[in-house]
Amino acid sequence: MEPLPLTEPVLLVLLSLAEQPRHGYSILKDAERISGGRVKLSTGTLYGALRRLLDSAWIERVEEDESPRDRRPYRLTSRGRRNLQLEVERMRHLTKLAALRIARKEA
Amino acid sequence: MPSFYRWLLYLYPSLYRREYADEMIAVFRDAQAEVSTGSFGERISFRARESGGLLAGALQEHIRIISGSYQLISFTRFDMRPEFRFPRSTVFLMSIIFVGVILAMEKANTIQVKYAAGAGSIWPSLPWFLGLTLLFTCATVMVIWRILFALGRTGVHRLANIQPGTNRTD
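Chains as they are written, first to last, in the numbering used here: chain C, 1 to 107; chain P, 1 to 170.
Chain C with its partners taken away, still in its complex shape:
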């Protein structure tokens, strides 16, 4: 199971799949888009993250008869979505605290 806080590739993959099921290349492009072009995942890093998430049952393969073997889509499981929400909540708390401290220091 992935511990919190999540690593950046894992977080980007989960955020990408939170919107809709995607196959590998689509995840790669969406991760780049989400990060504003800052993060360009290699296929090795992407499939390393996908493998870990599949093993932890945070994501699953969408079984479609018409999808070719080399373009199998993935989707978030309810467990993955719940953990992503926890991570976003953790980050929200952190940014809120950071904003407060910065504001206090500037005042």
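Don't read these hints as lab results, they were simulated from the structure. Cβ atoms here follow ideal geometry from the backbone N, Cα and C, with glycine treated the same way. Honestly, I wouldn't trust all of these hints.
Listed next, with one range per pair, are the computed distances between beta-carbon atoms [said to hold, decoys possible]:
no., chain 1, residue 1, chain 2, residue 2, range
1, C, Lys105, P, Ser3, 21 to 27 Å
2, P, Leu134, C, Ser56, 38 to 44 Å
3, C, Ile34, P, Ser36, 22 to 28 Å
4, C, Glu66, P, Ile96, 43 to 49 Å
Mind docking chain P on chain C? Use the hints.
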């Protein structure tokens, strides 16, 4: 590059290859087609990123099989916690060191061939040579990474110990 990519995939465990190789090659082809219209720098950066990603991924998979855990070690810059990330320049410097080692070995090979003609080659067969080179590179990267990790940790601990509002008198 696709044939080189396929070759690098053989570094992964066979089970992993059976499960993901087709997908990875398809994604790589799509990404390569997109970057092929880019600048020379973008193409080089893409190849370096892909090669590095595969080497790190393969090593991580083998360690996962041996240790049975994903948590033992992280290899890529993005796998690290933000406070422990090493700068991009480190990757660049490590690449230069790696190229330097390869060039030195090539030079030594040339000298050996030139001055020891007729004698048997001191170099092992190609697979052994490549395997040892990979092993040496991984060991070097691991050592450098651990040093940087330790340095990063020391720095973070110092920062964490700074008390807000404490005035220095010295």
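Confirm or reject the claim that Ile34 (chain C) and Ser36 (chain P) have a C-beta distance inside 22 to 28 Å. 24 Å, holds
Assuming the hint says 21 to 27 Å, is it satisfied by the Cβ distance from Lys105 (chain C) to Ser3 (chain P) or not? Once the Cβ atoms are compared, 56 Å apart, the range 21 to 27 Å for Ser3 (chain P) and Lys105 (chain C) is violated.
Check your understanding: Honestly, do Leu134 (chain P) and Ser56 (chain C) meet the 38 to 44 Å range at C-beta?
Key -> Given a distance of about 29 Å, which is not inside 38 to 44 Å, the answer is violated.
message = Please check whether Glu66 (chain C) and Ile96 (chain P) have a Cβ separation lying inside 43 to 49 Å.
response = Given about 48 Å between the Cβ atoms, the range holds.
Of the numbered hints stated above, those contradicted by the structure are hints 1 and 2, listed in ascending order.
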